[in-house]
Amino acid sequence: MNDSKILGYQPGNSFIHALNATTKMIFLILVSIACMVTYDTRFLIAICILSLILLKIAGIKWKQVSFIVKFIIVFAIINIIAVFIFQPTYGETLYHSRTVLINAGYFTLTAQELFYLFNVSLKYICSIPLVLLFLLTTNPSQFAASLNKIGVSYKVSYAVSLALRYIPNIQESYWSISAAQQARGNELSKKASLGKRIHGTLNIVTPLIFSSLDRIDTISTAMQLRRFGSKKKRTWYVAESFSLADYLVTSLAFILVLVVILLFKVNSGRFYNPFV
Amino acid sequence: MNNQKGLSVKSVVAIGIGAAIYVILARFTSIPTGIPNTNIEIVYPFLALLATIYGPVVGFSVGFIGHALSDFLMYGQTWWSWVLATAILGLIIGLYGMRLDLENGVFTTKQMIGFNIVQVIANVVSWLIIAPVGDILIYSEPQNKVFLQGATATITNSISILILGTILLKAYAATKVKKGSLRKD
Numbered sequence: 246m247n248d249s250k251i252l253g254y255q256p257g258n259s260f261i262h263a264l265n266a267t268t269k270m271i272f273l274i275l276v277s278i279a280c281m282v283t284y285d286t287r288f289l290i291a292i293c294i295l296s297l298i299l300l301k302i303a304g305i306k307w308k309q310v311s312f313i314v315k316f317i318i319v320f321a322i323i324n325i326i327a328v329f330i331f332q333p334t335y336g337e338t339l340y341h342s343r344t345v346l347i348n349a350g351y352f353t354l355t356a357q358e359l360f361y362l363f364n365v366s367l368k369y370i371c372s373i374p375l376v377l378l379f380l381l382t383t384n385p386s387q388f389a390a391s392l393n394k395i396g397v398s399y400k401v402s403y404a405v406s407l408a409l410r411y412i413p414n415i416q417e418s419y420w421s422i423s424a425a426q427q428a429r430g431n432e433l434s435k436k437a438s439l440g441k442r443i444h445g446t447l448n449i450v451t452p453l454i455f456s457s458l459d460r461i462d463t464i465s466t467a468m469q470l471r472r473f474g475s476k477k478k479r480t481w482y483v484a485e486s487f488s489l490a491d492y493l494v495t496s497l498a499f500i501l502v503l504v505v506i507l508l509f510k511v512n513s514g515r516f517y518n519p520f521v
Numbered sequence: 022m023n024n025q026k027g028l029s030v031k032s033v034v035a036i037g038i039g040a041a042i043y044v045i046l047a048r049f050t051s052i053p054t055g056i057p058n059t060n061i062e063i064v065y066p067f068l069a070l071l072a073t074i075y076g077p078v079v080g081f082s083v084g085f086i087g088h089a090l091s092d093f094l095m096y097g098q099t100w101w102s103w104v105l106a107t108a109i110l111g112l113i114i115g116l117y118g119m120r121l122d123l124e125n126g127v128f129t130t131k132q133m134i135g136f137n138i139v140q141v142i143a144n145v146v147s148w149l150i151i152a153p154v155g156d157i158l159i160y161s162e163p164q165n166k167v168f169l170q171g172a173t174a175t176i177t178n179s180i181s182i183l184i185l186g187t188i189l190l191k192a193y194a195a196t197k198v199k200k201g202s203l204r205k206d
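Quick mapping for you: the protein sequence lines, in order, are chains A and B.
If you're matching positions, the first sequence starts at 246 in our numbering and goes up one per residue.
If you're matching positions, the second sequence starts at 22 in our numbering and goes up one per residue.
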């Protein structure tokens, strides 16, 4: 029951662990925006392969990420089926041609639709390894420092690092309140009726929320006593300077964005169209 | 106390802790209703409570950071259109929350009705406009699919805020001491 099933930082000493958090963040943001914008199949496949290689380099084990990968696969399949059911002709409109594969009335499957669905799944998949990589190899405090470095205000950065720092604590209180409520006969399993489950969940959530609201008061008083927020800038204990590798990785990210812009010109639009 | 420029210390902490609670609630407390892909989410009533207590900036940021983090930590990716929708939900409810006085234990029936009208409007704006339009623009998904998803989200989230959100707000107001409730003997 206490399996956390939430991703978190795993210390290590690979090339990727050693990279500056800012570098990893810039790379992640630029490449995921690139993947979000483009529908060019070749680019998406290239990114998929690249990110899988990076996962290998970072020495991330299958069991660290297996639960999340299974989750994502199920989710992607459901979503793709939904996209197909709602508009089986969408691919034709996008690619301006029609090659029927299976003739079945409303659900006629065309090569174009299949290609569109393939692209959608690629888009789901290709940025995930990068995010996993970032989450597993970046220390939360360095993450905050790097947010600040790319221009996010330090107060917001600090809020993000507070969130990451307190997730395990709040998770722990959630499970202890839940255990206490179950000991008092609070049924939360699938056997209980919907009304009972809502009531039971509320019995856990209310004390959790109210005790955490008290925590907000305590922490903010402590931070105020230490003069948090009295200056316009702050320094970070964990901030690191850029090395050669950092410059190289950052420029690679910019090059990938340039490639996407070029592909826009080549394809004259977001979609790579092999049919026309 | 709040003579500093920008975010106050309390808002910074509220955003941080709020986002952490958001992640935990999103991960562990969605209750399936029996209809596929339709869950009763306790995070939205929680977001409504936090936004009414700490205002629109905190509401927006907790929605944004909380939703983005919980998506990243659970799915390894995020749907920015839905993240933005959650943030706007927090923002709108937070704007209305500035008119309430929960800190002093006041939450009248009239305010309760006002709160629920605002939250339904906020839900419609978020899930029926921002999220589907974003899905079409960013991910170019079929229109009827995203609008159906949006409509289900609007209905379930409005109902969960209507019931659970109102209960949470009332309970919070009840923990606060009313202004002027102390009398000299």
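I should point out that these hints are in silico values taken from the structure, not numbers from a laboratory.
Treat the hints with care, as some may be off.
In the BS3-like style, the derived pairs of lysine-lysine whose C-alpha atoms are separated by at most 25 Å in a straight line are [said to hold, decoys possible]:
1. Lys31/B <-> Lys166/B
2. Lys315/A <-> Lys394/A
3. Lys131/B <-> Lys200/B
4. Lys166/B <-> Lys315/A
5. Lys476/A <-> Lys31/B
6. Lys394/A <-> Lys166/B
7. Lys477/A <-> Lys131/B
Cross-check of the supplied hints:
1. Lys31/B <-> Lys166/B: Cα-Cα ~41 Å, so violated.
2. Lys315/A <-> Lys394/A: Measuring from Cα to Cα gives roughly 34 Å; hence the hint is violated.
3. Lys131/B <-> Lys200/B: Given pair Lys131/B, Lys200/B holds - Cα atoms ~19 Å apart, limit 25 Å.
4. Lys166/B <-> Lys315/A: This hinted pair holds, its Cα atoms lying about 24 Å apart.
5. Lys476/A <-> Lys31/B: holds, 16 Å
6. Lys394/A <-> Lys166/B: Status violated; Cα separation ~39 Å.
7. Lys477/A <-> Lys131/B: violated, 42 Å
The structure fails to meet hints 1, 2, 6 and 7 from the earlier list, while all remaining hints are met.
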